[in-house]
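Going by UniProt numbering, the letters in the sequence shown line up with residues 1 to 312, in that order.
There's no promise every hint is true.
[Unchecked claim] FRET-style restraints, in silico, Cβ to Cβ:
hint, residue 1, residue 2, range
1, 297, 130, 38 to 44 Å
2, 306, 73, 42 to 48 Å
3, 303, 204, 26 to 32 Å
4, 135, 298, 49 to 55 Å
5, 103, 228, 27 to 33 Å
6, 256, 198, 15 to 21 Å
7, 18, 201, 48 to 54 Å
8, 73, 229, 38 to 44 Å
9, 103, 287, 39 to 45 Å
10, 88, 228, 28 to 34 Å
11, 170, 256, 55 to 61 Å
[Claimed, not checked] 30 Å max Cα-Cα, derived DSS-like pairs, lysine-lysine:
hint, residue 1, residue 2
12, 219, 209
13, 132, 61
14, 129, 61
These are computed hints drawn from the structure, not numbers from a lab.
On a predicted model such as this, the values are computed, not experimentally measured, just so you know.
Just so you know, even glycine gets a beta-carbon here, dropped at the ideal spot from N, CA and C.
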Amino acid sequence: MAPIPRPTPSTVAAIYAAYEAANEHYDSLGISVGESGTECDRALWYTFRWISAREHIDGRKLSIFRTGDRWEEVLVSDLERIGVEVYGQQDRIRLADGHIRGKCDGKAMGVPEAPKTEHLCEFKSSNDKNFKEIVAKGCKEAKPLHYAQCQLGMHYFGLSRCLYLVVNKNDDSRYSERINYDIEYCLRLIARCERIIFSAVPPSGICTKPDDFRGRFCKHNAVCQDDAWPRVTCRSCLHSSPERGGDASWSCARWAKPLSVDEQKAACPAHLYIPALVPGEQTDVDEEAETVTYTLKSGRVWIDGESQREAA
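Produce the complete structure using the sequences and hints provided.
Below, the structure is given as structure tokens:
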């Protein structure tokens, strides 16, 4: 018989519970610069559209995030200790009409390799295995998401160099790399993100089979591969769309109005799923009644819009 696991001590459980209670769940208003390099277009679209259920982050993982924030403070202190001036921490990045969003870890002058060149700063902490891979392969190959983040930051702030500074959480080793700005890479990445942002339907994904190993740890696996129902928000509704010319603006064609963030999260009784998100086949549309009829994979006929109208 397998041994009975030891219970988590009550003190530790209470600490983790306190982290969870204080955690604010929020939805990103756009594509994060830190996720812009994600390999799968569909995964980025799902994140942008708030399709999957909010991910539960347990107390231990929240503690890891806090430790990462403290490492960032340590790395800033390290640079200042050797005479580097660090400033502009958390300056905002806004691209593609505000639909690509993020913040930088800072900017720096006085970097020893090029003291007169202003650098973007990206600070990371890593476990031993990933740290060794970064040292061996460099940022672009080992951490493509970090590389995209560095590139978009340089692009937005008009900088030609990024100081990528990583600490090994296991033994305090440091790794630094000066990354060159690649305008072609940035323009291609922004164009790709804009194509995803303004697509009315989910783009193709990289997982072609339900058991594709690349999807096992994807936060959208339930919706993408297991026919889970999407969240009901304005962003999963066929009436809404992201807009150009604003700061992450959205509008509703049904009510002919702009949508606030709170309105987007709440949705309304006129919500109708984007047909491609429904796990079934669309069979009918009634424009007057504002309903869409589907035959689900179980064979059951389901009318989108009918239950919302009855509830209202």
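Each hint, compared with the structure:
For residue 297 paired with residue 130, a C-beta distance near 39 Å keeps the hint of 38 to 44 Å intact. In this structure the supplied range 42 to 48 Å is violated for residue 306 paired with residue 73, their Cβ-Cβ distance being about 54 Å. For residue 303 and residue 204, the Cβ-Cβ distance of about 29 Å falls inside the hinted range of 26 to 32 Å, so the restraint holds. Taking the beta carbon of each, residue 135 and residue 298 are about 52 Å apart, inside 49 to 55 Å as hinted.
Checked against the hint of 27 to 33 Å, the pair residue 103 and residue 228 passes, with Cβ atoms roughly 31 Å apart. Between residue 256 and residue 198 the C-beta distance comes to about 19 Å, which sits within the given range of 15 to 21 Å. For residue 18 and residue 201, the Cβ-Cβ distance of about 42 Å falls outside the hinted range of 48 to 54 Å, so the restraint is violated. Take residue 73 and residue 229: their Cβ atoms lie about 42 Å apart, and the range 38 to 44 Å holds.
Taking 39 to 45 Å as the suggested C-beta distance range, the pair residue 103 and residue 287 conforms, at roughly 44 Å. For the pair residue 88 and residue 228, the supplied restraint of 28 to 34 Å is violated, since their beta-carbon distance comes to about 41 Å. At roughly 56 Å, the beta carbons of residue 170 and residue 256 sit within the given window of 55 to 61 Å. Pair hint residue 219 plus residue 209 holds up; C-alpha atoms about 16 Å apart against a cutoff of 30 Å.
About 22 Å separates the Cα atoms of residue 132 and residue 61, which keeps this hinted pair within 30 Å; it holds. Straight-line distance between C-alpha atoms of residue 129 and residue 61 comes to about 18 Å, which keeps the hinted pair within the 30 Å bound.
Hints 2, 7 and 10, counting from the list given before, are not met by this structure.
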